[in-house]
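Please work from the sequences and hints to get the whole structure.
Residue numbers (numbering that gives the first Met the number 0), protein chains in the order written: chain A, 0 to 161; chain B, 0 to 161.
Treat the hints as calculated values from the structure; they're not laboratory data.
From a predicted model like this one, the values you see are computed outputs, not experimental measurements.
Glycine included, C-beta positions come from ideal geometry on N, C-alpha and C.
Hints are not guaranteed to be accurate.
Claimed, not checked - Residues on chain A that point at chain B, a partial pick, calculated with CB under 7 Å:
1) Y40
2) S49
3) R50
4) G52
5) G112
6) W124
7) R127
8) L136
Number of protein chains: 2
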Amino acid sequence: MRLSEGVEWGLHCAVLLAVMPPDTALPTSRLAEFHGVPVAYLAKHLQAMSRAGIRVAGTGPRGGYRLARVPADVSVLEVVEAVDGEDPAFQCLEIRRRGPTAVTAREYRTMCGIHRVMVDADAVWRERLARTSVADLAQGVARDASPKAMEKFGTWLQEVTS
Amino acid sequence: MRLSEGVEWGLHCAVLLAVMPPDTALPTSRLAEFHGVPVAYLAKHLQAMSRAGIRVAGTGPRGGYRLARVPADVSVLEVVEAVDGEDPAFQCLEIRRRGPTAVTAREYRTMCGIHRVMVDADAVWRERLARTSVADLAQGVARDASPKAMEKFGTWLQEVTS
Chain A
0 MRLSEGVEWG LHCAVLLAVM PPDTALPTSR LAEFHGVPVA YLAKHLQAMS RAGIRVAGTG
60 PRGGYRLARV PADVSVLEVV EAVDGEDPAF QCLEIRRRGP TAVTAREYRT MCGIHRVMVD
120 ADAVWRERLA RTSVADLAQG VARDASPKAM EKFGTWLQEV TS
Chain B
0 MRLSEGVEWG LHCAVLLAVM PPDTALPTSR LAEFHGVPVA YLAKHLQAMS RAGIRVAGTG
60 PRGGYRLARV PADVSVLEVV EAVDGEDPAF QCLEIRRRGP TAVTAREYRT MCGIHRVMVD
120 ADAVWRERLA RTSVADLAQG VARDASPKAM EKFGTWLQEV TS
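Okay, here's the thing in structure tokens:
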């Protein structure tokens with residue numbers, strides 16, 4: 000079971016957009032540069048985030064994108080599902096209905112117990128990701144970053160916005 | 000993100016082994032027949048379960064395998080990890096260390112906040128799966144199965160053990 004690497008990219012991009020000065024939009028090329036990832040591949044994931052209503056085109060002559068909502072209203076789960084899809088990790092193929100004990104469909108009155116525990120685990124996973132917002136992540140990044148990194152961020156921000 | 004279909008197969012096989020009469024071992028061919036899945040592909044997953052200490056070779060002239068422990072001591076998580084591996088779904092590639100704000104390695108004093116929330120979510124997912132045993136699953140299957148399915152199971156069991 001593996002999440003797409005685009006999940007990491009998408010979350011980092013969401014955090015960066017969250018900490019930009021108000022009304023500052025960033026083009027995909029800047030987001031790719033900041034994270035050291037290939038533009039074309041990142042663009043695919045960012046488009047998925049736009050389709051999911053997480054990111055919108057900014058206004059003004061520079062173009063670029065910004066978060067569609069305040070960061071506190073964008074959950075980690077939304078970004079994960081936008082980039083990686085909403086399908087549960089476990090796909091029940093109902094193999095209990097095969098083989099020598101197979102009975103007619105209407106005799107399977109309840110969800111297979113194996114499916115049920117996997118659905119429960121999927122729900123707690125998503126619930127945990129839904130509880131954290133991009134604003135929470137951004138606060139954490141700002142708190143954890145070294146003074147040197149913050150200084151470099153300031154320099155980059157000036158270059159991008161000037 | 001997708002779990003291998005072998006997870007469903009492995010869990011169903013564990014449940015079937017759990018409800019077999021004491022000292023009854025089942026060969027891979029019987030497990031495949033019961034679940035309507037290809038023997039060779041199932042064998043790969045069952046071997047992973049044997050390596051993980053979930054399943055052991057039975058004794059007696061018929062050969063086959065049985066659970067290595069009482070079903071209450073085998074968790075769903077153990078089967079999932081045996082078949083699908085123990086790697087977390089999210090792989091942090093530390094992209095925060097790239098680009099214009101990169102600083103020296105020792106200045107990253109804490110785990111990336113994005114990584115941390117994914118690690119937390121992974122932990123609650125595994126915790127949920129660890130809380131359910133193969134015995135729990137087996138009880139649920141027995142409770143939910145229709146009388147007709149139980150009757151067919153009885154007939155199959157007689158054929159297998161006679």
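Now the hints, each set against the structure:
| no. | hint | result |
| --- | --- | --- |
| 1 | Y40 | 12 Å, violated |
| 2 | S49 | 20 Å, violated |
| 3 | R50 | 19 Å, violated |
| 4 | G52 | 21 Å, violated |
| 5 | G112 | 3 Å, holds |
| 6 | W124 | 4 Å, holds |
| 7 | R127 | 4 Å, holds |
| 8 | L136 | 5 Å, holds |
Of the numbered hints stated above, those contradicted by the structure are hints 1, 2, 3 and 4, listed in ascending order.
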